[in-house]
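Chemist: For the protein sequence lines, the chains are A and B, in the order given.
Note that our numbering has the first sequence beginning at 1, numbered continuously upward.
Note that our numbering has the second sequence beginning at 1001, numbered continuously upward.
Hints are computed from structural coordinates only; laboratory data are not their basis.
Heads up, some of the hints might be wrong.
What the hints assert, rightly or not - Cβ-Cβ distance ranges computed for the label pairs, FRET-style: (1) G1072(B) - P13(A): 55 to 61 Å; (2) G1085(B) - Q5(A): 44 to 50 Å; (3) G1082(B) - D108(A): 18 to 24 Å; (4) D1089(B) - V67(A): 35 to 41 Å; (5) G1082(B) - Q39(A): 56 to 62 Å.
Each residue gets a CB set at the ideal place from its N, CA and C atoms; glycine is no exception.
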Amino acid sequence: MSMLQLRVWRGGPRGGEFQSFEVPRQASQSVLDVVTYIQRSLDPTLAYRFACRVGMCGSCAMTVNGVARWTCRTHVDQVCADGRLELKPLANLPVIRDLVADMREFFDKWARARGRFAGRRTRHDDFERVAPESEARRQVDAAIECIGCAVCYSSCDVVAWNPDYLGPAALNRAWTLLRDVRDDAQTERLRAVAGDAGCHACHTHLSCSERCPKHISPTAGIAGLKRAAAAAALWGEL
Amino acid sequence: MSARREVLLWSAQRASAALLALCVTVHLATMIYAAHSGLSAAQILERTRGNLAWLGFYSVFLLAVVVHVPIGLRAVLAEWLGWRGASRDWLLAAFAAVLAWLGARAILGVFL
Chain A
1 MSMLQLRVWR GGPRGGEFQS FEVPRQASQS VLDVVTYIQR SLDPTLAYRF
51 ACRVGMCGSC AMTVNGVARW TCRTHVDQVC ADGRLELKPL ANLPVIRDLV
101 ADMREFFDKW ARARGRFAGR RTRHDDFERV APESEARRQV DAAIECIGCA
151 VCYSSCDVVA WNPDYLGPAA LNRAWTLLRD VRDDAQTERL RAVAGDAGCH
201 ACHTHLSCSE RCPKHISPTA GIAGLKRAAA AAALWGEL
Chain B
1001 MSARREVLLW SAQRASAALL ALCVTVHLAT MIYAAHSGLS AAQILERTRG
1051 NLAWLGFYSV FLLAVVVHVP IGLRAVLAEW LGWRGASRDW LLAAFAAVLA
1101 WLGARAILGV FL
């Protein structure tokens, strides 16, 4: 039986080092299968995070051979031609332990970007009609499937350079709400996402769009936010 | 700094970039023509002195540079050195003034 050579990052917030493991290679083996094998058969103290195992929850993202990925939907064959795998926690986030990243700052930034829907109707009002073929609705459809896995955030150079930067996921969320005709907090949201820590810091490197497992393009949404914020600033509405 | 001012700076940098794309193209074409057609310095000055069209063109070029460069450096200083705030912005305003002065000297040197 052929064996996979693993280097797995072990440690906590104050630092750590790589530990080597050997794992039997199997057919149709996912990277998450490999991590689970290590914990169940080699070292039960290994910490990692997962839930659904089928690409729905977004909790198993890690850095696999230098690239942020969902480990449940990444087959070893896709990323490991030479029988070696290196696993690290997601970049740009603090480490809790081993492969578990602290997601608090990531989700706090969603709140800072006013990522919460602010409707103007009550339950006593009729439904708002939103035409599925309208441009705004189609733009929302293209960006709405984000499950908050932080792969984009971990892949973003600007987050690494500017820790205050809201990041692709929070800005993508703000974009979906900006294009939601039912939402009533557009000016406040544009103020929250404009400027040095917001959409204008994006360098359009497209790493987020390249790596997003849901094939969303946060870059496109960020470009939309830039246009909307520029128009609002020029008209004195910002 | 307010979000509005940040956005206006960003917009000014994009607008000046568009202007620079045009100005640099015209400038390079002019330089290549002047170098390849064998014009002497005296012949070049003969064409530029008192020429309001060239004065206008290079004034727009200079304005685009003075707007574009300091705003770009502002982002570089923030991202690479973590330098933000009023001290950075005052330094860049002074740098913009130096650029404007040097550019104006060069333009007036071939116009007057």
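Chemist: Next, verify each hint and record whether it holds.
Modeler: Each hint, compared with the structure:
1. Judged by the Cβ atoms, the range 55 to 61 Å given for G1072(B) and P13(A) is violated: they are separated by roughly 36 Å.
2. A beta carbon spacing of about 48 Å between G1085(B) and Q5(A) agrees with the range 44 to 50 Å that was offered as a hint.
3. At about 21 Å, the beta-carbon gap between G1082(B) and D108(A) stays in the expected band of 18 to 24 Å.
4. D1089(B) and V67(A) have their C-beta atoms about 38 Å apart, which keeps the hinted 35 to 41 Å range intact.
5. A beta carbon spacing of about 39 Å between G1082(B) and Q39(A) contradicts the range 56 to 62 Å that was offered as a hint.
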